[in-house]
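Protein chains in written order, with the numbering used here: chain A, 1 to 313; chain B, 1 to 232.
To be clear, the hints were calculated from the coordinates, so they are not data collected in a lab.
Be aware that one or more of the hints could be misleading.
[To be verified] One side of the interface only, derived from the structure: several residues of chain A facing chain B at Cβ under 10 Å: (1) Val28; (2) Gly69; (3) Val88; (4) Glu233.
Please read all numbers here as calculations on a predicted model, not as lab measurements.
Note that beta-carbon positions come from the ideal geometry of N, C-alpha and C, so glycine has one too.
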Amino acid sequence: MRAIEVKAPGLFTTVQDLGREGFGPLGVSPSGSADPIALRLGNRLVGNPEDAAALEMTLLGGAFLFPEGAILALSGSDFGATLDHVAVDPWTSFEARPGQTLLLGPTRSGARSYLCVQGGIAAKPFLGSASTHTLSGLGGFEGRPLRKGDVLSIAGASQPHRSRTVVLHLLSRLSPRNILRCTPGPQSEWFPESSQRLFYNSTYLVSEESNRMGLRLEGPSIPLSSGGHMITEGVSLGAIQVPGGGSPIILFVEQQTTGGYPKIANVISADLPGVGQLRPRDEIHFERVAFAVARSLLQEQEELLSSQELIQE
Amino acid sequence: MATTEHGTAQFRPASDNSLLVYFDQHISLAAHQHVAKLLRLLELQPISGIANLHPAYCSVLVKFDALKLRHDELENRLRLYLDRLDEGSLPEPRHREIPVCYGGEYGPDLAEVSDTHSLSAQQAIDLHVSATYIVYFLGFVPGFAYLGGLPEALATPRLPMPRRRVPPGSVGIAGHQSGVYPFATPGGWRLIGRTPLAMFRPDRAAMSFLSIGDRVHFTPISPERFAALENT
Numbered sequence: 001m002r003a004i005e006v007k008a009p010g011l012f013t014t015v016q017d018l019g020r021e022g023f024g025p026l027g028v029s030p031s032g033s034a035d036p037i038a039l040r041l042g043n044r045l046v047g048n049p050e051d052a053a054a055l056e057m058t059l060l061g062g063a064f065l066f067p068e069g070a071i072l073a074l075s076g077s078d079f080g081a082t083l084d085h086v087a088v089d090p091w092t093s094f095e096a097r098p099g100q101t102l103l104l105g106p107t108r109s110g111a112r113s114y115l116c117v118q119g120g121i122a123a124k125p126f127l128g129s130a131s132t133h134t135l136s137g138l139g140g141f142e143g144r145p146l147r148k149g150d151v152l153s154i155a156g157a158s159q160p161h162r163s164r165t166v167v168l169h170l171l172s173r174l175s176p177r178n179i180l181r182c183t184p185g186p187q188s189e190w191f192p193e194s195s196q197r198l199f200y201n202s203t204y205l206v207s208e209e210s211n212r213m214g215l216r217l218e219g220p221s222i223p224l225s226s227g228g229h230m231i232t233e234g235v236s237l238g239a240i241q242v243p244g245g246g247s248p249i250i251l252f253v254e255q256q257t258t259g260g261y262p263k264i265a266n267v268i269s270a271d272l273p274g275v276g277q278l279r280p281r282d283e284i285h286f287e288r289v290a291f292a293v294a295r296s297l298l299q300e301q302e303e304l305l306s307s308q309e310l311i312q313e
Numbered sequence: 001m002a003t004t005e006h007g008t009a010q011f012r013p014a015s016d017n018s019l020l021v022y023f024d025q026h027i028s029l030a031a032h033q034h035v036a037k038l039l040r041l042l043e044l045q046p047i048s049g050i051a052n053l054h055p056a057y058c059s060v061l062v063k064f065d066a067l068k069l070r071h072d073e074l075e076n077r078l079r080l081y082l083d084r085l086d087e088g089s090l091p092e093p094r095h096r097e098i099p100v101c102y103g104g105e106y107g108p109d110l111a112e113v114s115d116t117h118s119l120s121a122q123q124a125i126d127l128h129v130s131a132t133y134i135v136y137f138l139g140f141v142p143g144f145a146y147l148g149g150l151p152e153a154l155a156t157p158r159l160p161m162p163r164r165r166v167p168p169g170s171v172g173i174a175g176h177q178s179g180v181y182p183f184a185t186p187g188g189w190r191l192i193g194r195t196p197l198a199m200f201r202p203d204r205a206a207m208s209f210l211s212i213g214d215r216v217h218f219t220p221i222s223p224e225r226f227a228a229l230e231n232t
């Protein structure tokens, strides 16, 4: 099998695919890529199924040597990549010849960049997915972020390179937003109208203490009315929970499956991939939408994502 | 979208692709059995479009594919299942033994827990060992079982500041619950002991040592026995 040698791991680089859905009864959350739109498109650029395993880099990219060469594509945020010192564009497939090194730097846009490899990263699946679940140390490459000296394997045989690129004016319609649209959470009514106004009219900063489990937010704290008595219950991806201190937390891909804090709102499915691109100190706002609007936005997004016109050969 | 009711159950959308089914507003064995029965029925006869289930004390979060189902369509399908909950009986509960080395470095909060309740450490251990616990559900992280049945005399609130890292196998108390941390995770439960058993192992057929509905006993062991079991 062809290899990828990790010369530098970057800040936090893990193997991710689209995650393992369906194991909530075991307490296992899906995990998977923080920005699934980027992962799906990156995989299409190299001719992979959308759910093939790739590398997810966070804020600062790594350096990767391809002793036998590989067909590659970078998607998500621009980490200023070079291949043997020659700049390579994101959202376009390219070929690394045997012995070439891909070097990535600090982000120039959002939080995460994906390195997709034709054939996908070979990883022993855990519950049907190659996705790394770092908290439990399961899945991916030894259940952990990559380290210098790790050697990954590329799955599948080598195919000739067919150059593909994402059509940028269509891609802009899928760009991450800093206004996150939300539907009401299961305990919205526990928050008085004044708290709801505060939540929807304030600017929040993404805290440094944010990760794949959740994004902690800094900003006005949200007072809870007397409300009810909270019993631990299942929590959904993108749930915005408000602990006693009043600082909201957005539950993210490596979330706990159950939780005991009231939820004021929930980020809509169509805006969740963009949450994966939020960096510490980014400013965000929330906007309330109806369930029917959330559904049609998801449908529109999915139609665009699955369209043939989005990728040009 | 408002709450709707069906018999004793209530439906409430949690997000654009999930629906909460509540059986009660407080923890009860009856609500737990409804949770377990709905889970079992949905596992035996899956509804197309349901992606995941997150059971808890008295509710189930049903996650679905929003491109295939709407909340009201899912509700209608689930109503038919709720009407049939009493048809099937739950399997006879399994009995599981968990060996625990109590106190000292294994249970750094044992002294504080026993002091809070004016008990000796031994009395606190005896109380923890005397009870039969029931696995209400697995949640939080892989294989973490929420155990009900903690004796009232041991009920202790969570730590004011959660630990950043709880050693795997740690046995904790939070309110009226007990539980075992399968992995090194952050955690706010008061730690009274530690088990050498692996609570979650992906190389086992049943990955989680505990399943919903299991009856659990804790057995005290010595540090020597802990060391011997840890290496098996």
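Hint by hint, here is what the structure shows:
{"no.": "1", "hint": "Val28", "in the structure": "holds, 5 Å"}
{"no.": "2", "hint": "Gly69", "in the structure": "violated, 33 Å"}
{"no.": "3", "hint": "Val88", "in the structure": "violated, 34 Å"}
{"no.": "4", "hint": "Glu233", "in the structure": "holds, 4 Å"}
Checked against the numbered hints given earlier, the structure breaks hints 2, 3 and satisfies all the rest.
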